[in-house]
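Asks: Sequences and hints are given; from them, build the entire structure.
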Amino acid sequence: MTSSDTTAATALHADLGWALGAVFRAYVRGADAVMEGLPGGARGYQILAFAVQDDASGNQGTIARELGIDRTVLTYLIDDLERLGLVVRRPGVTDRRNRRVVATDAGRELWSQLQAALCHIEERILAGLGDDAPAFRDMLHRAAATAGETSVGEVCEAVRDLTLKLTQPGDRQGSAPAPGGSLG
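For the sequence shown, counting from 1, position 135 maps to 1356 in our numbering; every step adds exactly one.
Wrong hints could be hidden among the right ones.
[Claimed, not checked] Label pairs and their computed distance ranges (CB to CB): (1) T1228 with D1291: 39 to 47 Å; (2) V1249 with P1312: 44 to 52 Å; (3) G1306 with A1243: 51 to 59 Å; (4) R1329 with R1358: 48 to 56 Å; (5) D1291 with P1355: 42 to 50 Å.
[To be verified] Each computed SDA-like pair below joins lysine to any residue, with the alpha-carbon atoms no more than 25 Å apart: (6) K1386 with A1252; (7) K1386 with R1310; (8) K1386 with G1242; (9) K1386 with G1238; (10) K1386 with D1291; (11) K1386 with R1246; (12) K1386 with G1282; (13) K1386 with D1359; (14) K1386 with G1289; (15) K1386 with W1239; (16) K1386 with A1243; (17) K1386 with V1294; (18) K1386 with Q1274; (19) K1386 with R1264; (20) K1386 with D1253; (21) K1386 with Y1248; (22) K1386 with G1258; (23) K1386 with E1303; (24) K1386 with R1286; (25) K1386 with L1237; (26) K1386 with N1280; (27) K1386 with L1241; (28) K1386 with A1247; (29) K1386 with F1245; (30) K1386 with A1365; (31) K1386 with A1232; (32) K1386 with D1301; (33) K1386 with Q1281; (34) K1386 with A1270; (35) K1386 with G1261; (36) K1386 with H1234; (37) K1386 with T1283.
For the record, the hints were derived by calculation from the structure and aren't laboratory data. All C-beta atoms in this analysis are idealised placements derived from N, C-alpha and C, irrespective of residue type, glycine included.
Replies: In structure tokens:
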């Protein structure tokens, strides 16, 4: 390895985007395997996460907004989860037109199993941090919370847009942002 290779590798490894991407890709590979067969995959899991909460936050409008899912698509995903007996729709407490998505006992059990499997994946990914893993997780959550008033849906949309840009065939010349510019 030449000195310029070392410098490039050092620069790459010092880049936050590269580090976040490496961790994210490892997590997605594991999560995809865990959620195989669940309608909507990670989206289905996220809907279940709303549905297991015992408050009114699991209404369809809130879920669609927070996850950045079109309400029509969300309806189909909930239909699929409902057919499997994992969730039910119930009228809202204060407004019967407002449909809440509530996990069934089977949905709660599956969510618990999936959550345990995802925790195992997280532990494997963060194993190299040793005793620092809980502090890293806490700092990452704080950074995410202070990164801006961005909903989960907006982040997912940005990742989807970036992925589309990076996977488009053809001329990529000029596709990199200007220094200080944004990717989107």
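Asks: Which of the stated hints cannot be reconciled with the structure, identified by number in ascending sequence?
Replies: Hints 2, 3, 4, 5, 7, 12, 13, 18, 22, 23, 26, 32, 33, 34 and 37 contradicted; others consistent.
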